[in-house]
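Asks: Residue numbers (our numbering), protein chains in the order written: chain H, 1 to 254; chain L, 1001 to 1289; chain R, 2001 to 2303.
Incorrect hints may appear among the rest.
As the list claims (entries may be wrong) - Listed below are the simulated DSS-like cross-link pairs for lysine-lysine, each with C-alpha atoms no more than 30 angstroms apart in a straight line:
no. : chain 1 : residue 1 : chain 2 : residue 2
1   : H       : K118      : R       : K2020
2   : H       : K140      : H       : K118
3   : L       : K1043     : R       : K2182
4   : R       : K2112     : R       : K2020
5   : H       : K118      : H       : K241
6   : H       : K125      : H       : K140
7   : R       : K2212     : R       : K2120
8   : R       : K2120     : H       : K70
9   : H       : K196      : H       : K241
Calculated directly from the structure, the hints in this document are not laboratory data.
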Amino acid sequence: MVKLSVRDLRITYGEGPSEKVALSGVNLDIHEHEIFGIIGPANSGKTSFLRAINRMDEFTLGMDVRGSVKLDGTEVRDWANVYALRRRIGVVFPLPVGLPMSVYDNVALSPRLRGVRKRSVLDEKVEQCLTRAALWDEVKDRLGTLGSLLSGGQQQRLTIARALSQEPDLLLLDEFSIAVDPVTTMRIEDVLVDLKQDMTIVLVTNLVQQARRLADRTAFFLMGECVEIAETEELFTGEVKDPRTRDYVDGRFG
Amino acid sequence: MFGPTARTVQDQLVERRVRVGLGLVTAVLVLPVVLILGVLVVKGGPMISMEFLFSDPTNGMTEGGIFPALIGTVWLVGFALLFSVPVGIAAALYLSEYAPDNWVTRAINLAIINLAGVPSIVHALFGLGAFVLFAGFGTSILAASLTLAVMTLPVVIVATRESLQAVPMEFREACWSMGATRWQTIWRIVLPNSITGILTGVILEVSRTAGETAPIMFTGAAFFLPFLPESVWDQTMAMSLHLFVVSTQVPDVPEALPYGVALVMILMVLTMNALSIGFRMWLRGRRKW
Amino acid sequence: MAAPSPARPGARDLAWAGDKLAQGVIFLGGISGILLVIGIFVFVSREGLGFVSNGLDLREFLTSPAWRPTSNHPTFGALALMAGTASVTGLAMLVSVPLSLGAAIFIGEFAKGRTRELLKVLIEMLAAIPSVVWGFIGLTMMNELIIDVFNVPVGLNVLNAGIILGLMAAPIMTTIAEDALKAVPDGYRQAAEAMGATRWQVIWRVVIPAAKNGLVAAVLLGVGRGFGETMAVLMASGHSINIPTSPFDSVRALTATIAAELGETAVGSEHYQALFFLGIFLFVVTFAINLTADLVVRGIKNG
């Protein structure tokens, strides 16, 4: 089953002579229950791609998205309520953003936004999400501390727990390991593999080997172009259609 | 041999003179604050007593206290805040959270600069024309408070906008990406994290509002009215106008009386300012991010 | 959460509606500034424009010093009032421009740590003193001081009001000028220092030229402050109609005239309308000053 289908996607910033094309001519399908990796050097349009999926462009000055993005066969742009769309899509940012509220409130925020007030329901939800994000044991005794005071690795797991509290069926991760130590990175990677049963994951990563470890299929973005999409193992060991892909995964640039 | 050249010695001399000169200039600018405060305390200090603060003026305002003026100022400032704080916060929210980069936004910014620059007496004329006459409020606390609110609105807007913009963008983006609406994000993330900064601005506004005279002269403040106001439709005395009246309009006022009034006023205003400054410094020390 | 039916993906809910409502209310607050500025112009004009159709003799208004609104044959010459405002504002600028620019350079470029903080707090206190208290100081302390120092009979004059107004306008000028200096990138300073320039040479040749627009705007806003100040000028200037020939002449300002006379006029009378007409004049001039300052800050003056 195709979860996300992207056709002729073109993303630009600014207008007129100062217009910058971030991404163009992207066509790809992401299947249900797969981890779809996106690799590529900085400024390749990876983050812009993620922002187009949950319609963040509408809250970003100057960002313009053309083409088609379908989630479960419906055009995301046709959703009358953009917020309902975003509630189904979890996002994890490169730098962990622990909101300046307690650990508990961070995770309870999403249910509360939907009107859940009952303490017992919230308690259960918080514990469940923190456990799945492999953070519960570390914070269960200090749920009242500020989320922004946790360590970088803990904050990043907190943001994953927060994303899980949305009960998303699509999870977007944007270079989540950039500010996280290797041990935590491994723990989060285990979490992701586990989450795959319940949701589809798009993993933008700066680490080629991370894509190799986790992704079922991987796309290579370069300077606003989707150069190649392949089964991950193919990309690393088999024939590639474009020599630039080989150069990048072998670490010759990037 | 390799000592400083005549040129660099000369440069250093100039440097030192400039530094001392500018330091002196700065001292000349701030010295009046100290002097004024000193004289007011020496000449007005003996006036201050519980009786002065809590009794009515008597004998044609040449004796007695300032109680009705003090209470009147509290009424005026209170109602002015009631109008200006919600409007000011809304305006700041618009500029910080919504405003696109277009001509409307530029016009709003220009209007705020102008609102802050319009002479206080023109605000008084506006208050008289719009609130007293056109709206039919008459000379009343309501009309005077509205006039004060319009006049001090820019203070709230500017201070609030600054503290809203100090909340990092990532917090908003994280919240939006969870499906929170703009308003939910403002309510749950932006406002709670800027409320102390907003309060600082409000305190500053209180101090400005309490000192204004011209805007209330023709809209609701009375020269002499030894009763406490009972509703917003009443006129009232006010500290600022009282100082003007006892120092220029009333004959045979003992010299110390206006000094006493001025001292109470300036203490009121400076306390508010000190609160606001202290608050700001305290804030700087406990940012959550 | 169950997937919404494909027919109507993402139905609009309460949160969506609440957001729209909040956006509307906030937008109203946003444009309140514009509405109020327009409102001020409209309401002041509404009361004052009658003067234009009835009594206004523009030539008399601009060239006659005779402001005699209450005589049997009232004349409304505003020349002396304008001269009063101009002389007081001019002297105030002589006082405050050097003081506040000097203080801005000292605080922004030389002072450090606690001294800097203390100076900023003192400047803020200077700004906090209400205008009626300034007027009282002019009426008492400054008056006595001028009588003693210059051996003149009366100390309520251009000099008195000018000094008071200069001190009142200085804080905003200092703050804005300091902001302008702060906005000059540190790279400029470091580049000049690397070439062996002293700190003062850097400030004089690099920082001040780079901050020129901001400094000009600071002065303009100070002029606007002085021009529009009411109570302090009313109390410190002597309030007598004069075209001043020396700083020791008493004068009367446009703003002070309104404050002093409005209470005694009947609503709708010619005098009343004339005072509102002065108000329109004040509004237009300050508007122009603020607009210019804004344009200068953005550096749009030469396209």
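Asks: For each hint, tell me whether it holds in the structure or not.
Replies: Verification of the supplied hints:
1. For the hint linking K118/H to K2020/R, the alpha-carbon distance of about 27 angstroms falls within 30 angstroms, and the restraint holds.
2. Taking the CA atoms of K140/H and K118/H, the gap is near 20 angstroms; set against the 30 angstroms cutoff, the hint holds.
3. Among the hinted pairs, K1043/L with K2182/R is inconsistent with the structure: their alpha-carbon atoms are about 41 angstroms apart, more than 30 angstroms.
4. Taken as a hint, the K2112/R and K2020/R pair is broken in the structure, with Cα atoms around 48 angstroms apart against an allowance of 30 angstroms.
5. In summary, the hint linking K118/H to K241/H is not supported, as the alpha carbons are separated by about 55 angstroms, beyond the 30 angstroms threshold.
6. Restraint check for K125/H and K140/H: satisfied, since their Cα atoms lie roughly 13 angstroms apart, inside the 30 angstroms limit.
7. Restraint check for K2212/R and K2120/R: the C-alpha separation of about 22 angstroms stays at or below 30 angstroms, so the hint holds.
8. Restraint check: the Cα-Cα separation between K2120/R and K70/H comes to about 57 angstroms, which exceeds 30 angstroms; the hinted pair is violated.
9. Taking the CA atoms of K196/H and K241/H, the gap is near 28 angstroms; set against the 30 angstroms cutoff, the hint holds.
Of the numbered hints given earlier, the model fails hints 3, 4, 5, 8; all others are met.
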